[in-house]
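Okay, here's what each chain looks like letter by letter:
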Amino acid sequence: MAGNAWRSMMQTVTLIPGDGIGPEISTAVMKIFEAAKAPIRWEERNVTAIKGPGGRWMIPPDAKESMDRSKIGLKGPLKTPIAAGHPSMNLLLRKTFDLYANVRPCVSIEGYKTPYTDVNLVTIRENTEGEYSGIEHVIVDGVVQSIKLITENASRRIAEYAFEYARNNQRSSVTAVHKANIMRMSDGLFLRKCREVAENYKDVKFTEMYLDTVCLNMVQDPTQFDVLVMPNLYGDILSDLCAGLIGGLGVTPSGNIGANGVAIFESVHGTAPDIAGLDLANPTALLLSAVMMLRHMGLHDYGNKIQTACFDTIRDKKVLTKDLGGNSKCSEFTADICRRVQDLD
Amino acid sequence: AQDLQLQLHYCPPPAKYGGRHTVTLIPGDGIGPELLNHVREVFRFSCVPVDFEVVHVNSALETEEDINNAITAIRRNGVALKGNIETKHTMPPSVKSRNNLLRTSLDLYANVMHCQSLPGVQTRHQNIDIMIIRENTEGEYSSLEHENVPGVVESLKIITRNNSLRIAEYAFRLAREKGRRRVTAVHKANIMKLGDGLFLQCCREVASGYPDITFDSMIVDNTTMQLVSKPQQFDVMVMPNLYGNVVSNVCAGLVGGPGLVPGANYGRDYAVFETATRNTGKSIADKNIANPTAMLLAGCMMLDHLKLHDHASSIRNAIFTTMNENRLHTADIGGQGTTSEVVQSVMRIIQSKGQLTAEF
Chain A
1 MAGNAWRSMM QTVTLIPGDG IGPEISTAVM KIFEAAKAPI RWEERNVTAI KGPGGRWMIP
61 PDAKESMDRS KIGLKGPLKT PIAAGHPSMN LLLRKTFDLY ANVRPCVSIE GYKTPYTDVN
121 LVTIRENTEG EYSGIEHVIV DGVVQSIKLI TENASRRIAE YAFEYARNNQ RSSVTAVHKA
181 NIMRMSDGLF LRKCREVAEN YKDVKFTEMY LDTVCLNMVQ DPTQFDVLVM PNLYGDILSD
241 LCAGLIGGLG VTPSGNIGAN GVAIFESVHG TAPDIAGLDL ANPTALLLSA VMMLRHMGLH
301 DYGNKIQTAC FDTIRDKKVL TKDLGGNSKC SEFTADICRR VQDLD
Chain B
1 AQDLQLQLHY CPPPAKYGGR HTVTLIPGDG IGPELLNHVR EVFRFSCVPV DFEVVHVNSA
61 LETEEDINNA ITAIRRNGVA LKGNIETKHT MPPSVKSRNN LLRTSLDLYA NVMHCQSLPG
121 VQTRHQNIDI MIIRENTEGE YSSLEHENVP GVVESLKIIT RNNSLRIAEY AFRLAREKGR
181 RRVTAVHKAN IMKLGDGLFL QCCREVASGY PDITFDSMIV DNTTMQLVSK PQQFDVMVMP
241 NLYGNVVSNV CAGLVGGPGL VPGANYGRDY AVFETATRNT GKSIADKNIA NPTAMLLAGC
301 MMLDHLKLHD HASSIRNAIF TTMNENRLHT ADIGGQGTTS EVVQSVMRII QSKGQLTAEF
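The listed protein sequences derive, respectively, from chains A and B. Sequential numbering from 1 applies to the first sequence in the UniProt record's numbering. Sequential numbering from 1 applies to the second sequence in the UniProt record's numbering.
Each hint can be trusted.
Cβ-Cβ distance ranges computed for the label pairs, FRET-style:
id: 1; chain 1: A; residue 1: D221; chain 2: B; residue 2: D107; range: 34 to 44 Å
id: 2; chain 1: A; residue 1: G134; chain 2: B; residue 2: S208; range: 26 to 36 Å
id: 3; chain 1: A; residue 1: I135; chain 2: B; residue 2: P14; range: 48 to 58 Å
id: 4; chain 1: A; residue 1: I135; chain 2: B; residue 2: S283; range: 32 to 42 Å
id: 5; chain 1: A; residue 1: N327; chain 2: B; residue 2: D107; range: 53 to 63 Å
id: 6; chain 1: A; residue 1: P115; chain 2: B; residue 2: E147; range: 41 to 51 Å
Bear in mind the hints are in silico, worked out from the structure with no lab data behind them. Bear in mind that the values here come from a model prediction, so they are computed numbers and not experimental data. Cβ coordinates follow ideal geometry from the N, Cα and C atoms, glycine included.
Looking at chain B on its own, in the form it has when it is part of the complex (with noise of 0.2 Å):
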């Protein structure tokens, strides 16, 4: 953990052209463009000094040009928002996900989400604030499988000692600076002995290292029990990247669902934001009643992390105001509102503010 660049004293890609920001913006599937397009209006409204730098990616290509594009793009301009690609499952195996490929180029090794009950929302669960950190570069997700015999597969789940410190400091540094009081590491040591043990020994490690932090730990399937009956004993969660996926759907379900939460993919150089769950939404997609709201929240995420934190603000601010009115609210949290009707409602508030907006 020697080489750890903290992303909470990182600074940003510096803003050449002349006071802007260039962003990659990767449309992806389902409802991802419309959805980013909306980001894209929202931002020229408000006069967001962020340009996008757009670079499409076609899932139904077998080659990896389409990625290794969007990759190199991200590698110039350091920040992305994304859509997610969808991964075909008519293509042979060799042909892997796109969105894991980028996030394991680019080494984007924190995945973040931080899931709060929103007042406007009705859910079954209130006072939800947890923060959950998954590691997103190993594990389950090593696309390592062979058949060695037919009709037997091997998946290689692969965890590692730098891997794991490097994630559990990560999640010591960031509950530390958002004063959060406990760290809970979600694992099944006592079936994955070896692989999961480690992680969990990492984990202790590292907690060793911050006292004013309780840390302890909880076997995954005892914790999805635990968050559908008790949400509100979570406070910071770190896991391995299955875990991690498993839990984070919990966890937005659990706060209204995955139009609602925004989530980002941090690495020592280059970081990308997106919905936390990462949905490609393509029984909904073109049809105006998607809830951009997960969207614009990840595109408010990622202003702060370009240190244009009024920008974040205003638009975040403006979309909670929205968030409690129901006639606003979309089909997945109940209403019957359109994506347009929630934009248009955002940029209303922010241009009410008397900020400098452009036209409408």
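So that you can see chain A by itself, here it is in the shape it has in the complex (with noise of 0.2 Å):
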């Protein structure tokens, strides 16, 4: 393809290397998708909290101008504070960019074997509101009450996201996550929206199940879930749960989509600071997360083709890090896989 043409297809993404081992993961998917021949731009971009006027905590007004302008973000690891006197950088980026749906494929690998195999299922959570509202109080001495908030708008509008994810994805069947038998009102509401929206998506099965029941069936059988859709904090237990079936956080992705098309894939794991910076870390669950990207991106043939790669290389097992069970380096993983992905050209 001529040059110029092909620097006119690059797309901007804004990547936040992260802490700890961040860096070095970022670097390894930046060599990888430099090996795909990706049309991607990456802009580097640091999210460390700063008081903005007003005395409010804020992301850095760059990295804020940088991913409103190229909508799609990759990261890395952020580490959490403990007495920064700042909420989380999590936290405040899902405010920030309005990240209202967490988006977990969690699919078996085939190569690293976990008891579960043929797991192929997608959790979909509602990450701005529910028990993670943040709204304590202590009504009296040794009496606190926390609430859980759910509104239709926001009930809806994961939904939707829900259907439009499994019809663009080909998926058969969402089935929404709850527990309206004991929280009549609030897990109510949100089932009442799942069901208003699918009326819409006729063309997706729609199936509602108790929490309990979908923990109870999960690890048994993994394999008759499709999509899930839930609200908060069932959403953050059962994608870990999930995660954990495949093989844990080091091999997970995540996307998180926002409002005014906003999305951010991201790497689940901490920031490991017992071993960062030596070449030991695993990149797989971030490059897994920009594989996530490019297909959000409509990129699906690079993002097949490093899929491929990266999976091959686990398969074969001669290059695996250390808690994959090998003993190489991330280098070296790192180089397998770019190799992989020049001979699948």
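From these two lone chains plus the hints, build me the complex, please.
So, in structure tokens, the structure goes:
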């Protein structure tokens, strides 16, 4: 393809390397993308919170400007400060870009064995309200009240996203996960909105299931699930449960969808400060999130190519990082994937 | 925690009527009635000195008369065995879950579930032996909801110092009595700093009085992840209501499903036994395919509670022996056996041990 035409196809992505192992796994992803000749131009930004005018904590303006322009972000792990005085960075990002949907596709990785095979489901979690509203009061000494907020708008929005996702990704069913037998009004509202939205998506099968029944069935036979949509807390628990089925946070991708077309893809593991800078980290989670990002951008061919190369490397078992059961370096693992990506061309 | 009556040194209600106990039986919906009939069948066959007072609760009614009758009966008898009562969504939200009403009215504050891998049942994980103690009356199940602004619903989760101390105390005492080494508190205090923070703090306070038992804590999402990869690491777990719901269902699934695990709800004065995962099982009701194991084992837990240990052991052993035969596995654990085949086998084994039995 002629140089100019290719360069004009380049899309900008805001890259937030993060802390701990963040920078090295981001570098790994960039190397693999380069080997795949993916038309992505990376714009690196830092999101350490700063105090804006009026004393409110915010992300640095150049980071916000970059994301508002590019609309797509890839983020490594951010450390949660304990006594820094500001809220968690993840929370700040969520509020800044109204990241209302957390999407985690959980697919069994052939070659990374867990007791569960053939897992292929997606958890879609409402990410702005529910049990994480942060509203708590001490009523009297020894009695605490935490408020769970469920609104019509947020419920409708997440339900619509879930059905759109199902349709766009050829998934056959959406299951609403709830506890409306106990939380009659709040989960009842959530469920009603899901049912209403389902009416507009007759091509997608809609079912409802109690949270406990989902948990019970998930650990016995995860293959019966397809797309799951749920409020915040259940989503938090279930998405981690499903990550556990396929091998943990080190191999699970995650995407956050915001209003105004913003989408930030991220690895959800920690910063692993004990191995930071030692070339031991596993970039799989960030890489698979980047693949999710490519698919979101419509660049399915590049996404598939990179994912195939990654899975082939893992299946081959010759250059695995320590957490995957090998003793190779991050750079060796990355180089192997790069080589395979180039061979796939 | 001053007035804590120890469940473990509990005296069962005296067997007033000719040495026989009277137990309230609530059939419930779905598979409840048929499974409880089988329990009665096995008890009658084994000459267990228990008479059941059957109280029906109609889940289709909006009034609370039925459930209040059941609660009164349990207050009278002290002990109950129940099936799950369905909560119909078509009812207005003011019609609360009957099961929940029962638990809170009788202050059955501890839900106890013992998840053990059964040798005769094939599962992905082996050697699981986890005791789950779940706070059973407050937390997210407080049933306090309101809609101040149209389209905005608030649901209140209540955590109190008293109930948290109480359940933590229960967990540690049970751990000590059963010779268990470690208690893990499951929480989400990084997000719900005040609510779960209070729960965690109470657990820590109680833990300091039990230096022989190791105490640690784990965030609920990490807990579920650990459970599906390495469940053997857990010993005793204590947690608030909702996380208890999630964790107990995950654990039940890990050892073979809802058909195998019994559960108990203990209060200071009353005890109610049921299947651990409280499923109604509407889709498999009246088809003779439900697994009677969980309900039968719940019956055995009840017999132990009434200090009828010999009967409890004899029935329990018969159940475990039956479990070893694949031919008698019901569909939920991968077999093709029927409910009645399992029950017949249990009774046959009891008879073969030479005890006094009624006619077949």
